[in-house]
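Listed in order, the protein sequences are those of chains A and B. Going letter by letter, the first sequence gives residues 1 to 503 in my numbering. Going letter by letter, the second sequence gives residues 1 to 151 in my numbering.
Check the hints yourself; a few may be wrong.
[What the hints assert, rightly or not] Pairs of lysine-lysine residues, derived as DSS-like cross-links and limited to a Cα-Cα distance of at most 25 Å, are as follows: (1) B:8 to A:226; (2) A:250 to A:293; (3) A:430 to A:226; (4) A:250 to A:104; (5) A:104 to A:226; (6) B:6 to A:430; (7) A:430 to B:8.
[As the list claims (entries may be wrong)] Taking beta-carbon pairs under 8 Å as the criterion, some of the chain B residues facing chain A (in silico): (8) 12; (9) 67; (10) 70; (11) 71; (12) 75; (13) 90; (14) 100.
[Unchecked claim] Reference listing, derived: stretches of chain A covered by chain B, where coverage requires no fewer than 3 residues with Cβ under 8 Å from a Cβ of chain B: (15) 388 to 401; (16) 423 to 430.
Calculated from the structure, these hints are not laboratory results. These numbers come from a predicted model, not from an experiment. The C-beta atom is built at its ideal place from N, Cα and C for all residues, glycine as well.
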Amino acid sequence: MDAFLSNLSLGLATAAQPFNLLMCFVGALLGTFVGVLPGIGPLATMAILLPITFYLPPDSALIMLAGIYYGAQYGGSTTAILARLPGETSSIVSTLDGYQMAMKGRAGPALAVAALASFFAGTVATLIVALFAPALAKVALYFTDYDYFSLMVLGLVGAVVMARGSVVKAIAMIFVGILLGSVGTDVNTGIGRHTLGFPELLDGINFVPIAIGLFGLADLMANLEKPREQAKLKSTGLRALWPDRNDFRKGGPAAVRGTLVGSALGILPGGGAVLASFASYAVERRISSHPEKFGTGVVEGLAGPEAANNAGAQTSFIPMLTLGLPSNAVMALMIGAMMLQGITPGPQVMTERPALVWGMIVSMWIGNLMLVVINLPLIGLWVQLVRVRYEYLFVMIIVFCCIGAFGINNSVFDVFVAVAFGVFGYVLIKLDCEPAPLALGLILGPMMEENLRRGMQLSDGDPSVFFTRPLSLTFLLVAAALLLAVAAPAIRRERKEVFNEAD
Amino acid sequence: MEATIKGKQDFLSGLLFIAIALAFIVNGRGLPLGTAVNMGPGYIPLGAALILAVLGTVCLVRGLVHAGAGVEPVSWRPFLLVPLAVVAFGISLDWLGLVAAIFLAVFVGRAAIPRAPLLPTLALAVGLSALSVALFYYGFKLPVSVWPRFL
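Next comes chain A alone, as it looks inside the complex:
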């Protein structure tokens, strides 16, 4: 307990530095901003801003990036409730009951319920991160090369199971990522691989232009094809902001359940905000005594998912901070940001840079508090943003993508890499292949290769060690069980149901 408190106070000391407070605010504000704006999400924003974080101290950089992620969860729900436009994928569920509440003239309480549930979840999730992260990091220090390799296999399998759509395609996308990750100088021999003669590729393909292309430009090209519907705003009922007793009585427990569901799913590989919100909605509907009323403005259907997506967003930092394992594309970007700062992700980060880790954890809570303050009084302002026409917005996104890609290494080459991956990403969207597993493979591929090669050297080329070490075996068995489970018809149906709930 003492360690827990001293960790938190160290975190508070870091997070409360004026500059870090400012960066936390900037991140949360930016997150809300892109959360409200449809057509640009936290992923693209973080990718574009990565080059800038290079100029910041590591703690400030991570604090700001994290703020964008959870800030977007708040912003996304505002437009979901008021205009039935989910700013983010994770707020799709809120368009169901949240928008219906607004239609019934209860927009104010709906927004307040969303903000309060999110804040509650954010507070609990911060504590969960603070409690679990050190323990996990301690265990991870005893991991051998074999354990690490198997854990990464588990992480990737988890990402596949949690992804929506075809499992085969998701696995294939991981391998595409691993192949792309192999580009560059081989660490052991110094031989350049797959560089096509470009000296720029000797250091590997930079993660930032890939992310800008896949998540920024590709999305933008796909968005431009969709017909734009002008947002219809619900402006009535904003005056009465405070939820009534019924909202508290029913929404409160739902928020608690959502927090639990979200926290659990956030930690799992492949989890995060999106899955958490869908799963929480499914849970709420299942345990409800009046499931037929869901979709007509039931407060549980809003409070649960809103809590869940925020909790999931935050607990997904746990595997990233403690094991260096990204559980989703956003965390892959966070790892990219750490690497830019010269920090090797892994369990040693917790012991070597406690101020960085704890500063970030505490900043999440501060950021959540700021978000309630930014959001509730300024709702009127945020709502106006929905009117920002995409035809102007997308041009700005293009320009920022260009400058972001250039800024990472001050090299025009990276701008062209971004274009190439933009086109590639667009093709992937057309073929319904999720780019997130690719990002994970790209980050994890080189680490897996290193562990595998070293492990095989140590074992004299005997692969059976992966199956005889207890930890490694456990990870592989869980991974195999997960894969088998997706193949089972019953779970397959369930999975489909969870993801299609909102359609």
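Based on the hints, put chain B in the right spot on chain A.
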């Protein structure tokens, strides 16, 4: 051809995966493979590419056998003009400078939407240039020139 492919999306995904795998296999021919004990630089990429090829084949066959989703048509305007805008930025940045590169990107990119009005686009280009010069040139000190080199 149309009638025999039941799931176009799966079929084409399979083709794409196989093509990527082949590209890596062909391009990685010269890399020493090494042995399982002492893996060379070519070992893992070849392994990954082979697995990808198998997965691609599974996708392809599934597309042939199972009825599945088709592929939505590509709308060519954004597909061509958005990348072109970024390429224009990349080509011009070094010798025409930041402002001209942004103007090019804005005007080419803006054409991705039909009937783009001129005046708001111009205002957007001016605004974005001013913002970028302030933020990235003066703020973050990106090593670019603001105006064309030859001026």
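Right, here's what the structure says about each hint:
1. B:8 to A:226: It holds: about 21 Å lies between the C-alpha atoms, which stays within 25 Å.
2. A:250 to A:293: It holds: about 14 Å lies between the C-alpha atoms, which stays within 25 Å.
3. A:430 to A:226: At roughly 13 Å apart (the allowed maximum being 25 Å), residue 226 (chain A) and residue 430 (chain A) satisfy the hint.
4. A:250 to A:104: holds, 18 Å
5. A:104 to A:226: It is violated: about 29 Å lies between the C-alpha atoms, which goes past 25 Å.
6. B:6 to A:430: Distance ~16 Å between residue 6 (chain B) and residue 430 (chain A) Cα, so the pair holds.
7. A:430 to B:8: Holds. Residue 430 (chain A) to residue 8 (chain B) sits at ~11 Å (cutoff 25 Å).
8. 12: Hint on residue 12 (chain B): holds, closest Cβ of chain A at ~6 Å, below 8 Å.
9. 67: Hint on residue 67 (chain B): violated, closest Cβ of chain A at ~14 Å, above 8 Å.
10. 70: violated, 10 Å
11. 71: Hint holds; residue 71 (chain B) Cβ to chain A Cβ min 6 Å, cut 8 Å.
12. 75: This interface hint holds because 4 Å falls under the 8 Å limit.
13. 90: Interface hint status for residue 90 (chain B): holds (4 Å vs cutoff 8 Å).
14. 100: violated, 13 Å
15. 388 to 401: Coverage by chain B holds here, the residue count being 8 at a Cβ distance below 8 Å.
16. 423 to 430: As far as the region 423 to 430 of chain A goes, the hint holds, because 4 residues have Cβ atoms under 8 Å from chain B.
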